[in-house]
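Fit chain Z to the known structure of chain Y by using the hints.
Listed below are the residues making up each chain.
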Amino acid sequence: MTRRAVRWLAGVAALAVLLAYPSLFGIYFTNSFVTFGIFALYAVSFNLLLGFTGLLSFGHAMFFGAGGYGTALALTHLKGLPLLPALALGVAAALALGVLLAPLMVRISGTAFAMLHLAFGQLMYVLALKLRTITGGEDGIGGFPIPPFSVPGVLSVDMKTPANFYYFAVAVLGFSVFALWFVTKTPFGCVMVGVRDNPNRVAYLGFRVPHTKAVVYLLAAGSAGVAGSVFAMFQNLVSADGALHVFVSFAPVQLTMIGGVGSFFGPILGSAIFGVISELTSRYTERVELVSGAILILVIMYAPLGVIGMWHAARARARARFAPRGAAEPAR
Amino acid sequence: MNLPRQALTLVVLASLLLFGVADAQAAQAKAAFDPDKMADMSDFDPNKPVIPTGDTIKIAVVASFSGPAAVVGQIYFISVQWAAHDINKRGGIMVDGKRKLVEVIKANHASQPAETKKVAERMVLQEKVNVLWGTDGSHLMKIINQVADKYKVIAQSASALSDELYDTTNFSRYSFMSSFSTEQIGRAIGFYYGKIRKKEKKFYILGQDYLFGHSLADGFKKGLKEYYPEATLLGEDYHPLFMKDFAPYLQKIKASGAEVIFTGDWIPDAENLLVQARQMGIKLPFANLFLDEPNMLHRVGVDGTTGLVHVSQYGAEGGAFKTPGQIKAYKAWNTLWKTKWGPPYNTRLYEHGTGNIGSYIQQTYWLLSVIERAGSTDPEKIIKVWENDSYQLLNGKVLTMRSCDHKAIQDLHVEEYVPPAKQRESFNIPPYFWYEGTSSVGPSVAIPARYVLPKMDKSLARCKDKSEAGE
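Just so you know, the protein sequences line up as chains Y and Z, in that order. Note that our numbering gives residue 187 to position 187 of the first sequence, counting from 1, and the numbers run on in steps of one. Note that our numbering gives residue 372 to position 372 of the second sequence, counting from 1, and the numbers run on in steps of one.
One chain only, chain Y, in its complex shape (with noise of 0.2 angstroms):
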């Protein structure tokens, strides 16, 4: 069987798992798996800034909570909106803060850029918890109604049915991750690591620097707003503690330093490895965090490039020992 062949196969599986998942596994852990979708998208935004492109950002939940608090907003206050326009709406406000920011962003770099996103992320979370006739304040916005998702006059499936909401998330954040993925692998996504590894040399070359920077910026912000909207309307409720503090912004740090800077996916396997230690953990202790941020030291200090990291130094091991002898030698 060719290495394509494989490759097809594996995909039809993790489709027909995806499918059957909520039958085979129920509607809690249904749940969590959309909370790992969720922050699996979140999670590779904040990547595409750090793992492609080398900008370190302290204060990514603002385009998180951006999205959910948009299109919370929308929901409370736009009678019969649809979904797909309120998950625009989250998108769009997530994006206008994004245009807001990047003048400035674009043109900084490293410590400035990290710290000056986490003084503005802060800064949004005070505005949500200050402006509580717009925010609801540490109240949050909640109960807001989850439209059907419709087509007019063809099918209209209500979403507050865990399945039902389930093939929703996973349609969107699939989507988004996969266009992401897409962007990485084209001219651009080059472009991107360009400067991350050597802006001058991009410069050099003629590519516009910071208007690159601008459009990862733009894709990053959008696309954690897509996961913020998701998260609103997954949880009926958004909340400054929930979607703008700043723990919400270092969990993508984590997250990809756990799973594997500069690896499209290791952001998505940190999310799943997260994901299962809280599930495990929260049964035996209320030191959930003690136990993460445990596993984010041993990380840190024994595989700095993630668990995919290891898995790459482990492939490159494993080929290097069962190598023909005079394999490694260069040709004569």
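If you're looking for bench data, these hints aren't it; they were derived computationally from the structure. Idealized CB from N, CA, C, for every residue including glycine. Be aware that one or more of the hints could be misleading.
Here are the computed lysine to any residue pairs in the SDA-like style, where the Cα-Cα straight-line distance is at most 25 angstroms [to be verified]: (1) Z:Lys128 <-> Y:Tyr284; (2) Z:Lys106 <-> Z:Arg450; (3) Z:Lys152 <-> Y:Val157; (4) Z:Lys48 <-> Z:Gly91; (5) Z:Lys322 <-> Z:Gln28; (6) Y:Lys130 <-> Z:Asn272; (7) Z:Lys150 <-> Y:Gly80; (8) Z:Lys128 <-> Z:Ser444; (9) Z:Lys331 <-> Z:Lys244; (10) Z:Lys244 <-> Y:Tyr284; (11) Z:Lys30 <-> Z:Val385; (12) Z:Lys106 <-> Y:Gly80; (13) Z:Lys150 <-> Y:Gly143; (14) Z:Lys222 <-> Z:Ser444; (15) Z:Lys152 <-> Y:Met159; (16) Z:Lys328 <-> Z:Lys106.
Simulated restraints, written as ranges between beta carbons of each label pair [unchecked claim]: (17) Z:Glu380 <-> Y:Leu155: 27 to 37 angstroms; (18) Z:Thr339 <-> Y:Ile277: 33 to 43 angstroms; (19) Y:Leu127 <-> Z:Ala247: 57 to 67 angstroms.
Then chain Z, alone, in the frame of chain Y:
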């Protein structure tokens, strides 16, 4: 407005009359806690709880068990586990044709909304609990109620106090508020200062900036308007949960010339607020709801805690111990605290199984009594029994569950904190004081239920034609 002497007499007479009514209610309560039936609790240890498994009645205590409010989860757990342990030692409860023991499960929401939904769903879907018992934070109780409503399980709001939880937007027929509620509390304080104490006139509200804090402040403002119109509200401020530095707020309050600070802050905010106020030399009394945590009170000492005014849902006018049964139940707890329990349950916080702890215990007994009388864990049967039910607590107080919006009607008590030597007015058994190193409950005044009926949202269809008394 100063009430003429006749009016005051009328108020006092009305109170006495209502006490009579309360007594009559007690006699008429559909069920009561009977201390004589209490099991031997000498083996109860919250650090080594005996948790039955298998086919049990499952109660999930959804609360903070980690983070800054972890102590709150500990308080809830020991309270619910106490009642469960007692019932289990009596052989459990007959439900659905079988005697079942009560299993208490900790569910940590870590004060996070997303975690609350997740853990509440896990309790319902995986642990198959029959009751979600909560919680510290009305915004989190709202989520628990949504989960209860979605999966059709009973939720008991024993410590989330916001009225909005049971308004037309948020009401769920699966959720019951067995505690007092924010408007009741605010109005009780207003009544106390306006109709009973009648000294201080300038007030300042300092609350936590979320549903509960605002809801409580609205209740207090309503209480002042209703019972003390000549009082002045000099300002109101709301701070984020779990603040570390209260100095800016306290300085502002000091500058305002306020005579009383009204606050509903709970631990850890309650502790930081009181300790920092006294450290800053601000001696103003706090009219409060949760400034009763004894470790914090000891940090401040006798002088700094004298004059605190506390509203209680588990108070008693005159001595706290009026019957041999009450003394027996009190000693069962206190003896174990002295001799058996280890950290954290051997600290002063757990010395007396009264106050909020007493209330949580008794609310849990009410829940278990309802399940027993329903003869089933079927939520529909539980709802049928609990609506319009009345239950007499250990301290003689009667709670009545208003059927249309599931809120408890009850008398409240406003207590003044006094030095140890004067505490015998309340702690009427040896050693005649609650605490030696701090002021604590002294004189206690009953605020009859009819002055502090829980807020009713008339736009809730179920309550349309009902009076506030629920009739």
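**Message:** Taking the earlier hints as the rules, which of them does this structure contradict?
**Reply:** 2, 8, 9, 10, 12, 16, 19
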